[in-house]
Amino acid sequence: MKKIRMDMIFSHSSDVVSREIDGALIIVPLTSGMGDMEDDLFSMNETGTEIWKMLDGTKTVGEVISVLTVQYEADQGKIERDVTGIVTELLKRRMLVEATAA
Amino acid sequence: MSKRPPREYQRPALQKSGLPLSGKALIELMQAVHAKGLPFRFRAGGHSMAPFIRDGDVITVSPPASSAPGLGDVVAFIHPETQLLCLHRVLSVNGKGFLMQGDNMPEIPDGMIPRDAIVGRVTRVERAGRRVRLGLGPERPLVALLSRCGGLAVIRRYAAPLYTRFSRSHGSCEKP
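Protein sequences, first through last, are from chains U and Z. So the first sequence is numbered by my numbering: it starts at 1 and just counts up by one. So the second sequence is numbered by my numbering: it starts at 1001 and just counts up by one.
Read the hints as simulated data drawn from the structure, not as lab findings. Just so you know, these numbers come straight off a predicted model, no measurement behind them. The reader is advised that the hints may include incorrect statements.
As the list claims (entries may be wrong) - Example chain U residues on the side facing chain Z (calculated, C-beta under 10 Å, incomplete):
#, residue
1, E38
2, M44
3, Q71
4, K78
5, L90
6, M95
Positions of the beta carbon are idealized from the N, C-alpha and C atoms, including for glycine.
All chains should be modelled from the sequences, with the hints used to inform the complete structure.
Encoded structure:
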């Protein structure tokens, strides 16, 4: 798996549909060319939802971390580790794609 | 103006969603999937379309743009009064929209449903892992006519035991 750099930009894969419904983010993988509720659906907690929204093809990973550092009571090193961790997981599940090859 | 205090940090987590989806959530997700031109598969609840669609059947709804619904098609729509998702049969089509009714509820027709309330068309029904074709094949217009005149209820009353036997011995269901 590629190392996540701070200047990388990611966006949502076209192989997923996501919606925030009643305050909860639901991610539907479009497996087998359809949205299948009989397969696994995914959700994210509040921080995960904020990160997902910011990974919209406009912000670098570094910018996402900066926004979270201002918003939350946590040190930047921890947030950086967590953001790169969740980005890695989302890439592994093909829910994100790299928007630029910086 | 006071500065907003920092919020409590949670480690970001992605998890499998075990939340049951409400009707509204189902409609939103179905429309989002259809916007990509893809079908949507989910487990239906209710008895209004029995015997062709039963409680717990797995339904595939294709986007409305893929083909315009016609007489006898089973269509997913948002009921204008209840705002709930319904899967009912088209009994007639005119310029205003579609006359709809559940096969198992001839006494409660849905009335005319406008075209913009249509979410999609049911293209596949699966029951216990097998594809169910009866009621969705070329016999659709006949089923619609029978449903409209109340004949379906009469046939069901007298033919249900025969139908059950026939479907077991001749396999009206097939593997998807």
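Hints and how they fare:
1. For E38 of chain U, the suggested interface contact is upheld, since its CB lies about 6 Å from the closest CB of chain Z, less than 10 Å.
2. Taken as an interface hint, M44 of chain U checks out: its beta carbon lies about 6 Å from the nearest beta carbon of chain Z, inside 10 Å.
3. Nearest Cβ of chain Z to the Cβ of Q71 of chain U: about 6 Å, under the 10 Å cut. The hint holds.
4. A least Cβ separation of about 8 Å between K78 of chain U and chain Z falls short of the 10 Å threshold, and the interface hint therefore holds.
5. For L90 of chain U, the shortest C-beta to C-beta distance to chain Z is roughly 7 Å, which falls under 10 Å, so the interface hint holds.
6. At about 8 Å, the closest approach between the beta carbon of M95 of chain U and any beta carbon in chain Z falls short of 10 Å, and the interface hint on this residue holds.
Hint check: no violations occur; every hint is consistent with the structure.
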